[in-house]
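S.K.: If you read the protein sequences in the order shown, they are chains A and B.
First residue of the first sequence? That's 33 in the numbering used here, and the numbers climb one at a time after it.
First residue of the second sequence? That's 33 in the numbering used here, and the numbers climb one at a time after it.
Some hints could be false.
The list makes no distinction among identical chains, and a pair is therefore deemed to hold if it is satisfied within one copy or across any two copies.
When the alpha-carbon atoms are kept at most 25 Å apart in a straight line, the in silico SDA-like pairs for lysine to any residue are as follows [unchecked claim]: (1) Lys186 / Arg42; (2) Lys233 / Met58; (3) Lys300 / Glu347; (4) Lys186 / Arg55; (5) Lys233 / Gly214; (6) Lys233 / Gly185; (7) Lys233 / His342; (8) Lys233 / Glu148.
Hint data in this document are derived by calculation from the structure and do not stem from the laboratory.
Single-letter residue listing:
Number of protein chains: 2
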Amino acid sequence: MSGMEKPRNRRLFPHALDVANGRVDMTHGAGGRAMAQLVSEMFAAAFENEYLAQGNDMAVMAPPPGRLVMSTDGYVISPLFFPGGDIGSLAVHGTINDVAMSGAKPLYMSAGFIIEEGFPLADLKRIIEFMAGASRATGVPIVTGDTKVVERGKGDGVFIVTTGVGVLPEGLHISGDNIRPGDAILVSGSIGDHGIAILSKRENLEFETTLESDSAPLHDLVAHMVAAVPEVHCLRDPTRGGVAATLNELANQSDVGMALDEDALPIKPAVRGACELLGIDPLGVANEGKLLAFCPAGRAERLLEVMRSHPLGAESAIIGHVEEGQGRNLVRLRTSFGGDRVVEWLNGEQLPRIC
Amino acid sequence: MSGMEKPRNRRLFPHALDVANGRVDMTHGAGGRAMAQLVSEMFAAAFENEYLAQGNDMAVMAPPPGRLVMSTDGYVISPLFFPGGDIGSLAVHGTINDVAMSGAKPLYMSAGFIIEEGFPLADLKRIIEFMAGASRATGVPIVTGDTKVVERGKGDGVFIVTTGVGVLPEGLHISGDNIRPGDAILVSGSIGDHGIAILSKRENLEFETTLESDSAPLHDLVAHMVAAVPEVHCLRDPTRGGVAATLNELANQSDVGMALDEDALPIKPAVRGACELLGIDPLGVANEGKLLAFCPAGRAERLLEVMRSHPLGAESAIIGHVEEGQGRNLVRLRTSFGGDRVVEWLNGEQLPRIC
Chain A
33 MSGMEKPRNR RLFPHALDVA NGRVDMTHGA GGRAMAQLVS EMFAAAFENE YLAQGNDMAV
93 MAPPPGRLVM STDGYVISPL FFPGGDIGSL AVHGTINDVA MSGAKPLYMS AGFIIEEGFP
153 LADLKRIIEF MAGASRATGV PIVTGDTKVV ERGKGDGVFI VTTGVGVLPE GLHISGDNIR
213 PGDAILVSGS IGDHGIAILS KRENLEFETT LESDSAPLHD LVAHMVAAVP EVHCLRDPTR
273 GGVAATLNEL ANQSDVGMAL DEDALPIKPA VRGACELLGI DPLGVANEGK LLAFCPAGRA
333 ERLLEVMRSH PLGAESAIIG HVEEGQGRNL VRLRTSFGGD RVVEWLNGEQ LPRIC
Chain B
33 MSGMEKPRNR RLFPHALDVA NGRVDMTHGA GGRAMAQLVS EMFAAAFENE YLAQGNDMAV
93 MAPPPGRLVM STDGYVISPL FFPGGDIGSL AVHGTINDVA MSGAKPLYMS AGFIIEEGFP
153 LADLKRIIEF MAGASRATGV PIVTGDTKVV ERGKGDGVFI VTTGVGVLPE GLHISGDNIR
213 PGDAILVSGS IGDHGIAILS KRENLEFETT LESDSAPLHD LVAHMVAAVP EVHCLRDPTR
273 GGVAATLNEL ANQSDVGMAL DEDALPIKPA VRGACELLGI DPLGVANEGK LLAFCPAGRA
333 ERLLEVMRSH PLGAESAIIG HVEEGQGRNL VRLRTSFGGD RVVEWLNGEQ LPRIC
C-alpha cells in the first residue's frame, strides 16, 4: 500500500471510484494506476496512520522495547458479514489475540487482501471500514498491506491474512509447553458463541437465534491478567476446533492430562440448544473473543477476580485443573451426572470456514 | 502452526499422510486433528527452526537492535510452478525484498496459506519444500504460520501471504519520498524476465522461450550497497506493473520528473522478442529479482561498481536520472532513435496474477 496516503489525487485519478455500484476487476490487482487508486482511496484513506503514510512497500517503526512477538492468521470466513462482526474486524481481533496470548502488547499489524473479481466495491469498503474501526479501537495500526485480485470463481469474495507484531516485557514466560500439574484452568466467558452465530447464517443451515459472535480483542484483558498474576503459565484463545481442540493440543504440548467440570462450563442456553439441534459438542465450537488461562492453583482465585473485573471477562470461570502426574495427555470431562468422558480431539469435519 | 514440531507422533496421528496420492480436504483447515497432522508433518517438518518449535500461535524472538521494518505481500501467481521458480520460493523472496528495500536486514517471516480443497498433497509438499529451501538459503526463518482450506472452486490451488520483519540500522533514510533532483537511477539487471517467463506458461498464451524468472532475494545485494554508499536515497523492486509503474509511483511520491535512456535499459533479446509478439512494453513487465536505486549523481559510479561486483547485480546499469526542478512528475524515455516519449502508468489490464 504504497505512495498515496492522500484522499484523492485528481490529476492521477481523474475519475472517482464508483463505490456504490462498482466492482473489483482484475486491474485492481495488477500493479497499475487502477490498483493505486483503489489502495489510495479505500485502504489508505480508512487505515490512515503515520506508518502507512510513509508510502513504501514496507513500514519503518521505532525499536520495540523488549522481545519481539509475531503471529499471522488467515481469514476465509463465510459469510463475510455475520451477527456480531465481519471478516475485517475479525481479522484485526484474531491476530491481536494471537499476539496477546504470549503476554505481549500488540503494536502493529499488516493486512494482505485476496479479492475475487466482481466483488462489490461497496462491500469491500464496509469491510475496510470495520477493519479500520477495530484497528483504531484497539490502538494497533495497520502499518502496511497488500492487495491481490483473482479471477471470478478462483476466490470467494474476500480473504484476509493479518500479521501482528508485539513486544513482550521481561519476566513473562507464557507458552503452550509451560502448563504444570496442578494448574487451574480458567475460561474468560461463555463458549461456542462465535461458531453457532456463524452456522446460524449458513445458507443450508439457517435457524433462528439472537446469538452474536463474541469476536473481541483480548489484549487489554491479558494486560490486566499478567499485571496482577505474572505467574500465568499459559494463555490460548480457543478458536477453530474450540475448547476441545485447544486443550488437547496443549495437553500434548505440555505432556499433561486435564480434567474439566461440565457444570462449571459457561455455555449460553442458545448455544446449548443449537448444538443439540445440530448434533455437535459446544466444546468443539469456535470462539473469537475468549481465552483459556492456566496458572498455579493458589493464584486461580486472584486471577479469576481480575478477569471478572474486566468487561471482556465478566463471565469468567474456573473450569477444571491439570492432573497430577504426566503422560496420559487426555482431556477428561466430569459430566453433570457424575460420569466421566474423554473430550475427543476431533478430526475437524463439522465446522468449515468458521474463521 | 502450533504445538507439533516433531516429525510424527504415532500416537496422535496413527496413519501417515498419503503425500503421494492424497489431497487437501476441508478437515485440513478446520482446527482439528487432521489439521494438526498436516501442520506437523508438512509445514513444521520443513520449516523447522527454534521459533516455530515454540509451538504456539505466535513466536517470541529477541529484541531487534534497531528500528523495526515490516512488510506483507500476497502471492496468487498462476501457474504455481514456473521456469526459475514457484509460488513458495517467490513468496519468500518477494517479502524479503520488500523489507530489504528500506535498507533493513530481514530477520523473520510468517506465512499464511489458503489452500483449495482437492489440492494434491504432493504439490503442497513441493511448494513447502521450495519455500523452506529459500528460507534456509536466505537465513530468514519462517517463525509462525497459518493454514486455511476453502472449498473446491472457492480458491485456486494455493495462495500464500508472507510477512517479513527486519531491523534498520541508524543512519539510513531510504524511502520513496526521498528521491532528489539530479539523482542517478540504477537498475540491478535485465528487466521483464519474470513476467515473460510466467506468460510463456499461461495456457492460452504458450510460446517457446528458455527464459526463467529472475526470482531472487535481494537483501545481501542491498546490504553491500548501503554499506558502500549509505547516501542511497531510494530503493524499490519493480514487481507488478514493472519499471514503468514503479517509476511513476515514485515520481509522484517524491514530486519529481525522471528521464530514462532507452539504450541503457538492460533487456534480454528473448524478453524484447516476446514483448513485440505480445504487444506489450517491457517497462511494464514484472520483475522479482531486480531493484531500482536512486542516489546522488556523484555516488552513482561507486554504487554501480558495488552492484556489479555482486552476483545478483552483475548486469547493473545506470538507466537515467531525476530531472532538475519539480512538479511535472512525468517519466520520460529518450528512445534509441533520439525521440522522447512519456512512460505511461498503465491501468493494469495486461498481466493479471503475475505474482
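S.K.: Of the hints given before, which are not true for this structure?
M.R.: 1, 5 and 7
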